[in-house]
Every structure is written in structure tokens, then in C-alpha cells.
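**Student:** Sequence:
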Amino acid sequence: MQKRLFTTIHEGWLKLLFSSFAMEDREWGETLYDYSEILYRHLRFVEDMYVKRNIEYSWERPGIQLSFTTEGEAARFCEEVLERIEAQLSDNGDPLAARMLHDLGYIRGVLQANFGRTTKVSAFDKSMTIDGVEFKQEALAALMLFLFEESYKEYELIVIYSYAQTQVEDKRLHEIFQILIDESKFHLKSFARMMAKMGILAVPRMVTSEIYRFESLKKFLEDGIEEEKGAKEQCRALAEAVDEESFQKFFTFINFQEDYHITLMEEALERIG
6 MQKRLFTTIH EGWLKLLFSS FAMEDREWGE TLYDYSEILY RHLRFVEDMY
56 VKRNIEYSWE RPGIQLSFTT EGEAARFCEE VLERIEAQLS DNGDPLAARM
106 LHDLGYIRGV LQANFGRTTK VSAFDKSMTI DGVEFKQEAL AALMLFLFEE
156 SYKEYELIVI YSYAQTQVED KRLHEIFQIL IDESKFHLKS FARMMAKMGI
206 LAVPRMVTSE IYRFESLKKF LEDGIEEEKG AKEQCRALAE AVDEESFQKF
256 FTFINFQEDY HITLMEEALE RIG
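Numbering (the numbering used here), first residue to last: 6 to 278.
It should be emphasised that the hints constitute simulated quantities derived from the structure, not laboratory data.
Among these hints, one or two may not hold up.
Computed cross-link-like contacts, DSBU-like style, restricted to lysine-lysine with a CA-CA straight-line distance of at most 30 Å [to be verified]:
1) LYS202 to LYS176
2) LYS237 to LYS202
3) LYS254 to LYS176
4) LYS176 to LYS131
5) LYS141 to LYS176
So the derived label-pair ranges between C-beta atoms look like this [unchecked claim]:
6) PHE258 to ARG89: 19 to 27 Å
7) LYS223 to GLU61: 20 to 28 Å
8) PHE258 to ASP228: 44 to 52 Å
9) LYS8 to MET149: 16 to 24 Å
10) GLU143 to GLY110: 31 to 39 Å
11) GLU88 to LYS254: 18 to 26 Å
12) GLU65 to LEU274: 21 to 29 Å
13) LEU274 to GLN142: 38 to 46 Å
14) GLU35 to LEU150: 37 to 45 Å
15) GLU250 to GLU32: 52 to 60 Å
16) THR74 to MET149: 43 to 51 Å
17) GLU174 to GLU143: 46 to 54 Å
18) ARG104 to THR257: 16 to 24 Å
19) ASP228 to ARG9: 40 to 48 Å
For every residue, glycine included, the Cβ atom is placed at its ideal position computed from N, Cα and C.
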């Protein structure tokens, strides 16, 4: 398998993922989300293979601009990158490549069957409202800043925890990182869907190797705990700034979820000594 394959699958995962958040038809959006999860698993399968074979790879990738106005255009946007992944996979008898090619062929077929969707996408129209709720200027500014910062943070954590799993042999540490990945995926989905409703959906900036290739796992976890404490404070402050009760409850919910992350990272710290 070619070295640039990892980067292209990473791009495909993100294009499917963020397209899923943009869809007006939520059933179709969830289908795209499920396909993005398949691409994420492909990414991790390839990563595991590269680690075992001592092949250098990088989580860095090109910037991604979401550029479609209808659900049909979004299907074309996603299908194009899957075609490029297929072209980079060699069907040379490798069981992993064969399985991935089968997945890609099926998903591409479904996407092609949906090229004709004409439903308009409003995820980039800058409506600045969510489900008809308008925010006061101060609350809107705080909400926008939070969503852009936290969507990047959650994506960054998915990358970091994914890479960290390749660096540990302890089974419980591996489980802890998987739980943290799943939690970050839920938070990213929640924040990105809010951004889509506000018409400001965007793919976060790239995570550089200097960030995810940490030198000390202990220091990474210690810093991570402090960041989670900061995130709790941001959620608390945002819950106070936003007048709408349902949003206050949501950000309070996210605030208390951060306690899971802190507890898990503290356990990980104890295990590494």
C-alpha cells in the first residue's frame, strides 16, 4: 500500500463526516456518518499495518473546503475522494486491501445513486440561528467562538488519542483511549451539527505532528487534564451566557461529561506511574 494512502483516507473520512453533518435529510446524513465511521476504521487498519511494518506516516493532510449547495453535490464531493482512495489501493492479494476495496465499491455505488438529490444545503448560509432560536449579540459571539474552538479541539483529540493507542501496549490504556475517542466523536458531532444549523459549518484546521507526536505520555495526560478543566469552565460560562434554557441544559450536560475524561486520564496517569 502506498504511503500517501493514509492521508487520502484521512481526507475521505473527514469529507464524509462533515458532509453528514450538513445534510438536511437526517436519515441520509446518518447514512453518510456510518460510512465515515467505516473510513475511520480503514484509517486505523492502515495505521496499525504501517506501525507493524515500521512505515512512516502522518496525520497531517491538506485543508478541506466544504463546497456544495445540494445533497447531490455533497454525494459527488464524497465519491470523488473515495475514487482516489480506490486508485491508491492495489488489489494484489492483500486481504485488508481486498476488504477495503469491497467497502469502497459499495459506498461509491450508493453515493452515485444519490447524485440526483436536489435538496438545498443550508449548512453554510450563516443564518446564525438554531431551530429558529435567535441569540443576543454577546451570546452569539460566545457561542460561535466556543463552537469553532471546541470542534477543532475534539478533532484534535481524536487524532491524538488514535495515535496514542499505537504507542501503548497496556490493554487498559488502550481501552481508555478508545473511550476518549468515542467521547470526542460524540462531542464533535454535537458541536458540528449546531454549526450546520447556524450555517457556519467548516472542517477544522489540520493537526500538526508537533501536537500529536508527544514526547512524554505522562506530560500529555497531565496537560490534557488541565485542558479538560478549562473546557468545563468554558461550558459553564457559555451556559450562563446563552439565554435559551435548552442550550443551557445542553452545555451543562457537556460540562459534566468532561468529568469522565478527567477521571479516565487520571486513571491512565496512575497506570503509567
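**Student:** Going back to the hint list, which numbers does this structure go against?
**Tutor:** 1, 3, 4, 5, 6, 8, 9, 10, 11, 14, 15, 16, 18, 19
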